[in-house]
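Read in order, the letters of the sequence shown are residues 13 to 224 in my numbering.
Because the hints were derived from the structure by calculation, they are not lab data. One thing to keep in mind: the hints can contain errors.
[To be verified] Computed list of lysine-lysine pairs in DSSO-like fashion (alpha-carbon distance at most 30 angstroms, straight line):
no.	residue 1	residue 2
1	Lys81	Lys114
2	Lys132	Lys96
3	Lys81	Lys96
4	Lys96	Lys71
5	Lys104	Lys81
6	Lys114	Lys104
[What the hints assert, rightly or not] Between beta-carbon pairs, the in silico distance windows are:
no.	residue 1	residue 2	range
7	Gly89	Lys132	18 to 24 angstroms
8	Val63	Lys132	28 to 34 angstroms
9	Asn134	Ala75	33 to 39 angstroms
10	Gly218	Ala195	27 to 33 angstroms
11	Pro66	Asp103	26 to 32 angstroms
12	Thr105	Gln60	22 to 28 angstroms
13	Val61	Cys135	28 to 34 angstroms
14	Thr79	Lys132	34 to 40 angstroms
15	Gln60	Asn134	34 to 40 angstroms
16	Glu64	Gly89	31 to 37 angstroms
By construction, the Cβ of each residue, glycine as well, lies at the ideal position given by its N, Cα and C atoms.
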Amino acid sequence: MRDHAAGKAAVLIAASTLLLAGCSGGSGGSKTTPKAAAKDTPGQGGAQVMVELPDLTGKDLAAATATAKQLGFASIGYHDAVGKNRAPVPDKTWKVCDQTPKPGPSSVQDKVDFGAVPSKENCLAQPTVSAQKSTGAPTKASPTGGVTTPPRNEPTRPDPRPTTKNPFPTTIVFYRNCAEARAAGAAPLHVGEPGYSRMLDRDGDGVACDRG
Numbered sequence: 013m014r015d016h017a018a019g020k021a022a023v024l025i026a027a028s029t030l031l032l033a034g035c036s037g038g039s040g041g042s043k044t045t046p047k048a049a050a051k052d053t054p055g056q057g058g059a060q061v062m063v064e065l066p067d068l069t070g071k072d073l074a075a076a077t078a079t080a081k082q083l084g085f086a087s088i089g090y091h092d093a094v095g096k097n098r099a100p101v102p103d104k105t106w107k108v109c110d111q112t113p114k115p116g117p118s119s120v121q122d123k124v125d126f127g128a129v130p131s132k133e134n135c136l137a138q139p140t141v142s143a144q145k146s147t148g149a150p151t152k153a154s155p156t157g158g159v160t161t162p163p164r165n166e167p168t169r170p171d172p173r174p175t176t177k178n179p180f181p182t183t184i185v186f187y188r189n190c191a192e193a194r195a196a197g198a199a200p201l202h203v204g205e206p207g208y209s210r211m212l213d214r215d216g217d218g219v220a221c222d223r224g
């Protein structure tokens with residue numbers, strides 16, 4: 013009986029030893045290393061799309077906005093280019109004065125911002141030339157505070173009213189002889205000229221004192 017009990021105990025001890033060895037070996041082989049968390053790498057999955065943004069200054073705000081959207085820009089903003097805190101409306105009544113980003117390669121993820129003014133103004137907040145035509149001469153301020161424009165130089169027109177002209181001067185010139193006429197430097201004298209007289213025109217040809 014003792015031998016049977018001793019043998020049974022030895023079997024149990026051996027079985028326990030094997031069981032412990034198996035558990036120890038199994039736990040060591042079943043260990044797993046946790047995987048590293050995936051990181052977003054620039055250029056992978058979120059690559060930037062680059063496009064060529066044209067120069068849109070001078071365009072009406074509706075056309076500029078449409079161009080930016082066609083290129084893929086999703087974020088578009090507006091501001092008053094002259095700082096009057098007006099809210100630009102993306103239609104043809106406003107025009108672009110400046111843009112951000114500047115013309116050139118840009119990412120569609122960037123925000124496009126247009127500075128604009130009403131179409132009737134220029135980008136310096138002054139009326140356009142069509143609203144105030146220049147006459148070629150500077151304007152002057154009137155005493156009442158308005159602006160006066162100098163009169164245009166228009167060609168003079170002849171007076172249609174008839175004028176009567178006296179062909180003879182009002183001062184009467186008389187020479188007693190040709191010597192006086194020559195001394196005065198008036199000889200020879202023609203008909204109608206001051207100092208002419210039939211008395212001095214001896215040959216009656218209409219020229220007096222024509223001979224020495």
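- What hint numbers does the structure not satisfy? Numbers 9, 10, 11, 12, 14 and 16, in rising order.
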